[in-house]
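A.B. asks: Each chain, written out:
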Amino acid sequence: MTSLTAQNWPIAAAALPFPGTTANGESVTDAAPDEWASTLTEIADAGFDRLDVTDSWLRVGDLSEGRLDDFAAVAREAGVVPTSISAIRRSVIDHANGDENLAYSHRTLDAAALLGIETVSFGLHQALTVQQQAQLWFWTMDGHKDDPADWGLAVRRLSELGRHAGELGLIVSLEMYEDTFLGTADSAVRLVQDIGMDNVGLNPDIGNLVRLHRPIESWWDMVEKTLPYANFWHVKNYARDEDSARGEYFAVPAPMQHGLIDYRRAFRYAIEQGFQGVICVENYGGDGLSVCADNRDYLRRHVLPKREGYALGTSRVRQPRFEGGAS
Amino acid sequence: MTSLTAQNWPIAAAALPFPGTTANGESVTDAAPDEWASTLTEIADAGFDRLDVTDSWLRVGDLSEGRLDDFAAVAREAGVVPTSISAIRRSVIDHANGDENLAYSHRTLDAAALLGIETVSFGLHQALTVQQQAQLWFWTMDGHKDDPADWGLAVRRLSELGRHAGELGLIVSLEMYEDTFLGTADSAVRLVQDIGMDNVGLNPDIGNLVRLHRPIESWWDMVEKTLPYANFWHVKNYARDEDSARGEYFAVPAPMQHGLIDYRRAFRYAIEQGFQGVICVENYGGDGLSVCADNRDYLRRHVLPKREGYALGTSRVRQPRFEGGAS
Amino acid sequence: MTSLTAQNWPIAAAALPFPGTTANGESVTDAAPDEWASTLTEIADAGFDRLDVTDSWLRVGDLSEGRLDDFAAVAREAGVVPTSISAIRRSVIDHANGDENLAYSHRTLDAAALLGIETVSFGLHQALTVQQQAQLWFWTMDGHKDDPADWGLAVRRLSELGRHAGELGLIVSLEMYEDTFLGTADSAVRLVQDIGMDNVGLNPDIGNLVRLHRPIESWWDMVEKTLPYANFWHVKNYARDEDSARGEYFAVPAPMQHGLIDYRRAFRYAIEQGFQGVICVENYGGDGLSVCADNRDYLRRHVLPKREGYALGTSRVRQPRFEGGAS
Chain B
53 MTSLTAQNWP IAAAALPFPG TTANGESVTD AAPDEWASTL TEIADAGFDR LDVTDSWLRV
113 GDLSEGRLDD FAAVAREAGV VPTSISAIRR SVIDHANGDE NLAYSHRTLD AAALLGIETV
173 SFGLHQALTV QQQAQLWFWT MDGHKDDPAD WGLAVRRLSE LGRHAGELGL IVSLEMYEDT
233 FLGTADSAVR LVQDIGMDNV GLNPDIGNLV RLHRPIESWW DMVEKTLPYA NFWHVKNYAR
293 DEDSARGEYF AVPAPMQHGL IDYRRAFRYA IEQGFQGVIC VENYGGDGLS VCADNRDYLR
353 RHVLPKREGY ALGTSRVRQP RFEGGAS
Chain C
53 MTSLTAQNWP IAAAALPFPG TTANGESVTD AAPDEWASTL TEIADAGFDR LDVTDSWLRV
113 GDLSEGRLDD FAAVAREAGV VPTSISAIRR SVIDHANGDE NLAYSHRTLD AAALLGIETV
173 SFGLHQALTV QQQAQLWFWT MDGHKDDPAD WGLAVRRLSE LGRHAGELGL IVSLEMYEDT
233 FLGTADSAVR LVQDIGMDNV GLNPDIGNLV RLHRPIESWW DMVEKTLPYA NFWHVKNYAR
293 DEDSARGEYF AVPAPMQHGL IDYRRAFRYA IEQGFQGVIC VENYGGDGLS VCADNRDYLR
353 RHVLPKREGY ALGTSRVRQP RFEGGAS
Chain Z
53 MTSLTAQNWP IAAAALPFPG TTANGESVTD AAPDEWASTL TEIADAGFDR LDVTDSWLRV
113 GDLSEGRLDD FAAVAREAGV VPTSISAIRR SVIDHANGDE NLAYSHRTLD AAALLGIETV
173 SFGLHQALTV QQQAQLWFWT MDGHKDDPAD WGLAVRRLSE LGRHAGELGL IVSLEMYEDT
233 FLGTADSAVR LVQDIGMDNV GLNPDIGNLV RLHRPIESWW DMVEKTLPYA NFWHVKNYAR
293 DEDSARGEYF AVPAPMQHGL IDYRRAFRYA IEQGFQGVIC VENYGGDGLS VCADNRDYLR
353 RHVLPKREGY ALGTSRVRQP RFEGGAS
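Protein chains in written order, with the working numbering: chain B, 53 to 379; chain C, 53 to 379; chain Z, 53 to 379.
Incorrect hints may have been included.
Just so you know, same-sequence chains aren't split out, so a pair can sit in one copy or run between any two.
Below, computed lysine to aspartate or glutamate pairings styled on DMTMM-like, alpha-carbon distance capped at 20 Å [as the list claims (entries may be wrong)]:
1. LYS277 x ASP246
2. LYS358 x ASP97
3. LYS358 x GLU94
FYI, nobody ran anything at the bench for these hints, they're computed from the structure.
Could you put together the complete structure from these sequences and hints?
C.D. replies: Written out as structure tokens, the structure reads:
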């Protein structure tokens, strides 16, 4: 395997900007392939050749084999390769729905294998509260917090998913998210270490953390601690201001190039740590897809290595495999 | 008439970034055509072929016929077509100056007809208060509020303008603005319905509303309700954050692609509702003209339909007419 | 000498985004030329042909003649011309380190002359306080304030630097910064007038002032008053909001084209006042170098005069000399 470059590094558009229900109120998961095709074509028209199947849009874990074939077919026709799956708000330690979420997560791994998707991301964040849903930006209000008593359960269940993924030849990535066991750099690293499997790493989505209306960890400290364990990466950025004398915090979604996190520096470090994972570009609010497209262009133009032969470090976890010219 | 595409949809630069007085303190309306030419050339140099004659820059309603010919001549020479007029802060129900503003509005329609401008936008916002003028952004402080007792008067006077416009073959568009009868989606739609004329519709300038330092209507609800009645569109965007627990609101002007309002989604819906009106790109503060130019490029590249033959809905109001290749 | 145009106006990348210590913890000033080369190559790769040697990255005033030759050689090889020096937080009226800072400033002038750098910027801002260093953005908390009693000392010492610079054929530029004698437009102009030397002017870095969490001078007033005395220009921008009813202020770094300051208008005025100085593009936070590159492109595309022969005013201070085609 050769190392990835700006030209062929897999960059997937998050399906995050697309709602999970159609104009008719039908679930996208239950909709006809034509409905999927329309979104996939829009993503392709924005210049993407790869897609992250965010399950707020489409739950492949709930599709039959025949329907998975349909999905693969329309993706092929649209010209976008489903390259990763992000299952969100399906915590396996949810006190009410943990068992169900675990079963769903296993089905999602099976679907990934059928679709030829190597990278699957899970998180410990739970459903938004009613108060969160009433905000302009849900992250401006506190939501679910993991209970330290559930640490062992988290390790057991995520390990179970890791083993299943391993049998299928897949890697599992755990998404950082506030107030969960994946909510700080130290805790996230400890969780991955406690799981201790080569194919289970981190998705250091530090954009989730720099947007909060409260004091935050330094973005660079988070990068420094978590990137050695990263095997997938949700990237997005925010403009942020704080007035600590008044206890005020403000943050708005921003193009990756303009926000607080210096992704030029972060990626240089990531490569020194051996990162070769899928990059999933995200953006909340507004015309998310257009900003995602700009984020992709920014990465290819300014951030990713132009040529092979750069010094690539050795990651603490297994990286996905991409054949030369796959992108 | 064929439907508009990204290539020929009329996009006008707002003259909003240009002051109404020259460096010498003279009113632009009283200035020599050379003075107009310099602004029009700057707008053309920014890549625009169409202009919204915002009357905070130039009041064509106060020009003689000879001076209107001069204006048309310098615009032709500069290569920008005056395509719409936005008369602002000239409310016809202003208690002090309503009669005068009504007369001015009629003169503005006559001037539009002479200039071959089909679209004229009026509003019910009134002069900024002294307190508003003292702010960095005037919209961060409350200003004039319409009195419900004046609803009938508004309907009568705007209908009178609508009839005059109809006789001249023009359309009238009513600009949404906070705390006026055009300040909420429901009220704006009701006003247009009460007027009930085919050539009187809405200018859903929801950027005016998403920048306020107070709770706001959802931008999407406003789009959904008002676009069926839109016949002209001031578009601009803002990055916005709220901290509802502390009762804090912040908003700053942002390029259309980066702000809160998803214009990709809004235009798709607008077209489903039959919108084929002039788009007037605006931006407050900073280098407004350069941001307007970016806004135009964003619309043509990412938002407007690439090809004719798309499914165009039927608007509740008459749309302006553009010959193929007019742009 | 012919007047500068968009094509050849010298635009230098600030070295501000680069830290003063290497990954090994060594001072960049003490590091091997290879270390310098890596940063200079990154700057060149971002499309820059000129560099501002910001002394938070490298203190040329502390290099031996041999090391200065090494620096010149690696810059030549990387393809970036060191065009200005910005010495920051080295106030010559610092009560503790004023003598040392004065000696350092003299050495910096000598180094500039050896490197063929004509423009050297000094400021009166002092070291960040511990509280400032603990903020996300240091400027959200008050720092050092100049003591009016030191005005005479400031004039004397800066005049001494001005004389030395004059002997070397250099110009000195004084950077605006809050709460120093260069903290308001009036005070900055008065300081330059009191110094009264043709080769000592202002660096009207008004971005330093529009980001503060407190009431600010109007950016345009600052431009109007200071540009007649400008001989160098740190340019950067911020998105800013104020809620004066609540006494709240919010500012985040923004690309020059998107922020509060209208650089299109500011540069038109600057040229009317005879400005022909080096432009140093800056940006704090995030991927500063990429934003600096966008700032440069914005200036060349939208702001600077396209052709020679424009009306150039007469500056109150001497401008640097650039041969045609030097850039």
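A.B. asks: Compare the structure with each hint and give your call.
C.D. replies: Hints and how they fare:
no., hint, in the structure
1, LYS277 x ASP246, "within (16 Å within a copy, 53 Å between copies)"
2, LYS358 x ASP97, "between (25 Å within a copy, 11 Å between copies)"
3, LYS358 x GLU94, "between (28 Å within a copy, 12 Å between copies)"
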